[in-house]
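Residue numbers (UniProt numbering), protein chains in the order written: chain A, 1 to 289; chain Y, 1 to 280; chain H, 1 to 405.
Hints in this document: simulated from the structure, not taken from any laboratory.
Note that the structure is predicted; figures quoted are calculated from it, not measured.
Do not take every clue at face value.
[Claimed, not checked] Computed, partial: chain Y to chain H, Cβ under 10 Å: (1) 131; (2) 137; (3) 242; (4) 244.
[Said to hold, decoys possible] Over the 12 Å line for every Cβ pair with chain H, so calculated as not near, a few chain Y residues: (5) 79; (6) 105; (7) 106; (8) 171; (9) 179; (10) 186.
Each residue gets a CB set at the ideal place from its N, CA and C atoms; glycine is no exception.
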Amino acid sequence: MYERGWRRTLTLALFLGPSLLGMVLFVMGPILASLGLAFARWDLLTPPEFVGLANFRALWADPEFWRALRHTFGFLLGYIPLVMLCGLGAALVLNARIPGRDFFRAVYFLPVVTAWVAVALVWKWLLNPGYGLVNHLLGLVGLQGPGWLFDPNWAMPAVILTSVWKDTGFVMAILLAGLQNIPREYYEAAAIDGAGGAARLRYVTLPLLAPALYFALTLSLINSFQVFDQVYVMTGGGPAGATTVLVERIVKNAFSYSQMGYAAAMSWFLFALIFLSSWALTRLQRRAL
Amino acid sequence: MTLRRARLDWAHWGLTLLAGLGAVVMLLPFLWMLSTSLKPASAVLSLPPELLPREPTLEAYREVARSFPIVRVFLNTLLVAAATTLGQLVVSSMSGYAFARFRFAGRDLLFAAYLATLMVPFAVTVTPLFIVVKALGWTNTYWGLVVPALFGAFGTFLMRQFFLALPGELEEAAVLDGASTFTTFARVMLPLSGPALATLGVFSFMASWNSFLWPLLIVNDPRLMTLPLALATLQGLYPGQTQWNLVMAGTVIAVIPMVVVFLLAQRWVVEGVTASGLKG
Amino acid sequence: MRKLWVVLVFVLLANGLARTTINYFSFTTDQNHVKDLEALIAAFEKENPDLEIRYTTAPFDSYFTKLQTNLAAGSAPDVFELNYENFVTFASRGTLLSLDPFLRQDTSLNNAFYPAALSAFRQNNIQYGLPITFSTVVLFYNKDLFDKAGVAYPNANWTWKDVLSAAQKISNPAQRVWGVYQPVQFWEFYKVARQAGGGLQVGPRVQIDTPANREALRYLVDKVRLKVMPSDAEMSGVSNEDMFLGGQLGMLYSGIWMFDKFSQAKFKWDIAVEPGGIRKATHFFSNAAVISRTTKHAEAAFKWVKFLAASPATVKTRIDRAWELPALSLAQRALFDAYLKRPLPANREAVFDSLRYAITPPVVENQSQLQDIINQELEAARLGTKTPEQALADAQRRVEALLRR
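Generate coordinates for the entire structure from the input sequences, incorporating the hints supplied.
Quick look at the structure:
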């Protein structure tokens with residue numbers, strides 16, 4: 001910046017070079033390679049072979065893929081509303097001046113910093129139908145708990161429940177930041193107009209919180225399309241394939257079945273999904289605000 | 001006035017109660033984890049479950065340490081996370097600075113390309129990335145664990161935004177004194193970048209500490225295992241069923257350092273996580 | 001481990017020569033047998049002071065993914081293990097070294113092996129692996145539970161009907177006792193299908209959805225429906241072996257590798273040849289040691305493979321420690337005498353009787369996908385999300401699609 005000529009180029013290379021080299025080698029290069037791979041067949045051991053659109057045609061005809069897609073959407077439809085509601089509730093409660101507020105905030109955020117593998121294992125044990133704490137507590141209030149991860153109808157709800165527990169603090173943190181940006185005067189004005197608690201929430205808080213809500217929603221959406229760690233550890237896609245999801249299929253096809261090209265095609269489908277849905281959400285937000 | 005006051009108090013205590021209930025839900029899994037890890041094998045499957053271990057013991061921790069190189073795994077994870085964090089800070093602060101302060105042809109296009117990579121899920125790149133790392137001969141090495149994790153558009157983006165917000169006059173003084181760009185960057189800018197570096201550092205450390213899919217794919221050698229990998233392995237280590245007291249002991253060992261980091265640097269953690277959209 | 005290093009350094013200094021290192025990857029060595037493997041390695045290194053074996057183990061579930069990534073990454077272990085089912089996948093991709101040159105030179109191994117085990121690891125007339133173990137599945141039964149229910153003990157003439165009626169008499173779910181446990185998965189099904197007069201066929205034509213196979217699956221699933229076999233939720237992650245050991249199962253279909261673990265049982269138990277349907281059929285499992293085609297130390301690797309497969313030290317360790325069975329010809333009966341003489345279970349002859357009915361599972365190049373598909377459909381039938389008929393029809397369709405690809 002302050003040097004001239006070749007010294008300036010050298011300085012720039014010093015500053016940008018490492019990052020650029022790494023980005024090309026480990027991020028952008030692989031992205032382009034993956035695009036190429038989507039049109040090839042490759043088992044990692046014998047040379048790759050160009051197959052045109054065959055991988056995408058196979059994708060279209062593969063009932064396993066459609067089922068994984070359905071499960072991914074099932075996860076999303078259960079997870080997103082719940083995590084947003086819990087996160088919003090927690091943010092509203094912990095935005096009020098209650099005793100121990102900082103302590104509560106820290107506690108709610110604790111699961112967010114815990115490794116997914118650890119969380120998944122703890123919940124797998126909590127939800128153990130015979131010896132776990134959850135069914136024991138349900139039993140105390142006279143309820144017969146389900147088989148959770150062993151029951152094809154309850155396995156996905158169990159994964160959703162675990163994910164909501166882990167991510168509530170994440171949504172809460174984003175919304176708390178949003179709430180703190182709302183000027184106090186708005187509330188004071190509303191109070192003078194005689195607005196009650198519910199009215200203040202409806203007409204002041206929520207509209208002004210909308211950008212933060214959209215932000216949290218978009219991030220949650222992007223992340224939930226990529227749900228993997230919890231499924232891998234808690235169910236491995238079972239029972240009877242009731243919890244197979246897209247990223248799990250991608251990893252399975254690539255690294256267990258040695259179908260690198262097919263896995264790449266699937267991953268680009270996933271990218272398209274993520275891209276389109278976050279684009280749609282942005283459009284929606286623009287129109288709404 | 002008194003009536004209103006009373007109602008306010010009620011609402012106040014209601015909210016506190018609600019927050020407390022939520023906190024119980026949030027903490028109970030951690031307590032159950034701790035409690036199970038302190039049980040002897042014979043008490044794990046007792047009915048009804050013992051909420052608190054009747055005869056607390058460190059047996060499970062000893063068993064984990066005996067059958068698993070847990071200290072080594074712990075140090076591996078620490079080493080990898082520390083190296084990743086340090087590397088990220090160096091690489092990202094320099095590239096962020098370049099994007100913020102240099103003018104060069106194609107800069108904005110390149111920056112847009114950086115940002116575009118943020119939208120591509122890891123699942124897309126994981127296969128070719130594996131092949132790149134294989135070609136470099138880095139499977140089953142620390143290099144393979146650390147180096148690919150050093151690069152990401154997020155760090156560059158975060159640092160660039162931060163440097164853009166700093167006034168240029170700060171550097172001008174240094175330049176008048178005849179300092180080089182590097183000296184200016186290292187002596188003037190970096191010392192001012194504490195908050196951004198802390199945010200990015202905590203983010204990198206957490207991402208590395210908790211990372212699962214990548215180590216799962218490139219590490220086979222048990223001597224290079226990181227904690228999340230070790231935990232997943234611990235689950236299936238013994239033929240037959242999962243030994244829950246051992247698994248929970250392993251989980252406690254993996255979770256505690258993150259909790260400590262969080263309690264020490266709560267503000268940066270929350271900021272790093274919410275700024276990046278990264279969860280766990 | 002540290003001691004081993006000290007010894008190593010000492011040997012290095014004493015000999016003043018660099019030792020060749022052979023990397024060995026194993027899934028048959030579970031936590032109970034790590035010490036045994038280390039003892040074998042020590043014995044081998046004593047015989048071959050210029051060689052060093054460095055081993056890694058992985059549980060069966062994750063072994064093949066790791067092996068595959070290792071091979072792809074060019075960091076293949078010199079010697080590794082393959083089971084019969086996955087052998088073809090690796091042999092057909094050209095990842096294995098032919099052992100024929102070694103076998104031509106070393107005639108000591110002629111007729112040494114159990115023929116079916118040896119031929120299991122031959123493809124296109126090339127021998128790629130030496131069988132290191134074989135094993136079979138038998139019917140374990142808890143004598144105390146049989147006595148309590150007043151049922152006669154199983155014998156080699158039993159059929160499915162006898163199993164079901166005994167199981168019904170023994171079962172008492174309120175007391176957390178069930179009559180029988182037989183896994184509903186690929187490895188059981190290929191055999192039960194044959195017992196029903198059918199069988200799993202994947203080539204030249206796929207034959208999964210056949211009347212006999214449907215009957216076989218109904219039989220497997222009925223045990224859960226009749227509540228003589230515990231459901232997943234009732235087991236809650238406790239393994240069937242541990243339930244048997246806890247006295248909660250009257251009968252258990254499991255491998256002979258469980259003898260060691262069950263010797264700590266607090267009740268009387270024995271084994272019988274697995275009951276059949278309209279005919280008898282039993283498992284044949286075999287594992288081999290193979291050499292990676294990319295190894296730089298083929299000679300040394302073969303020495304280790306041979307040691308693992310046929311050395312007296314290995315045979316003795318396997319038999320003494322109930323670590324499966326060495327895959328040697330039964331003609332060498334003297335070798336197995338020690339095995340037969342061990343106290344528990346009394347009816348050890350049943351192991352060798354079982355081998356008379358042994359059949360092998362179907363094997364294709366994309367074996368892991370085949371097994372995943374069949375296991376998923378069988379599980380759906382067991383959990384009742386599909387009828388057995390639906391499950392087999394779906395399996396048939398999916399396997400056809402897989403093999404067409």
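Results of checking the hints against the structure:
1. Against a cut-off of 10 Å between C-beta atoms, the interface hint on residue 131/Y holds, since the closest Cβ of chain H lies about 8 Å away.
2. Because the beta carbon of residue 137/Y sits about 8 Å from the nearest beta carbon in chain H, less than 10 Å, this interface hint is met.
3. A cut of 10 Å between beta carbons decides the hint on residue 242/Y: the least distance to chain H is about 6 Å, and the hint holds.
4. Interface hint at residue 244/Y: satisfied, since its Cβ lies 8 Å from the closest Cβ of chain H, which is below the 10 Å cut-off.
5. The claim that residue 79/Y lies off the interface holds: its Cβ sits roughly 20 Å from the closest Cβ of chain H, which is beyond the 12 Å cut-off.
6. No beta-carbon of chain H is positioned within 12 Å of the beta-carbon of residue 105/Y; the least distance is around 39 Å.
7. Taking the minimum C-beta to C-beta distance to chain H, about 36 Å, the non-interface status of residue 106/Y holds against the 12 Å cut.
8. The beta carbon of residue 171/Y is kept farther than 12 Å from every beta carbon of chain H, the shortest such distance being approximately 46 Å.
9. Separation of residue 179/Y from chain H is adequate, the least Cβ-Cβ distance of about 47 Å exceeding the 12 Å criterion.
10. Residue-level check passed: residue 186/Y sits 39 Å from the nearest beta carbon of chain H, beyond 12 Å.
In this structure, every one of the numbered hints holds.
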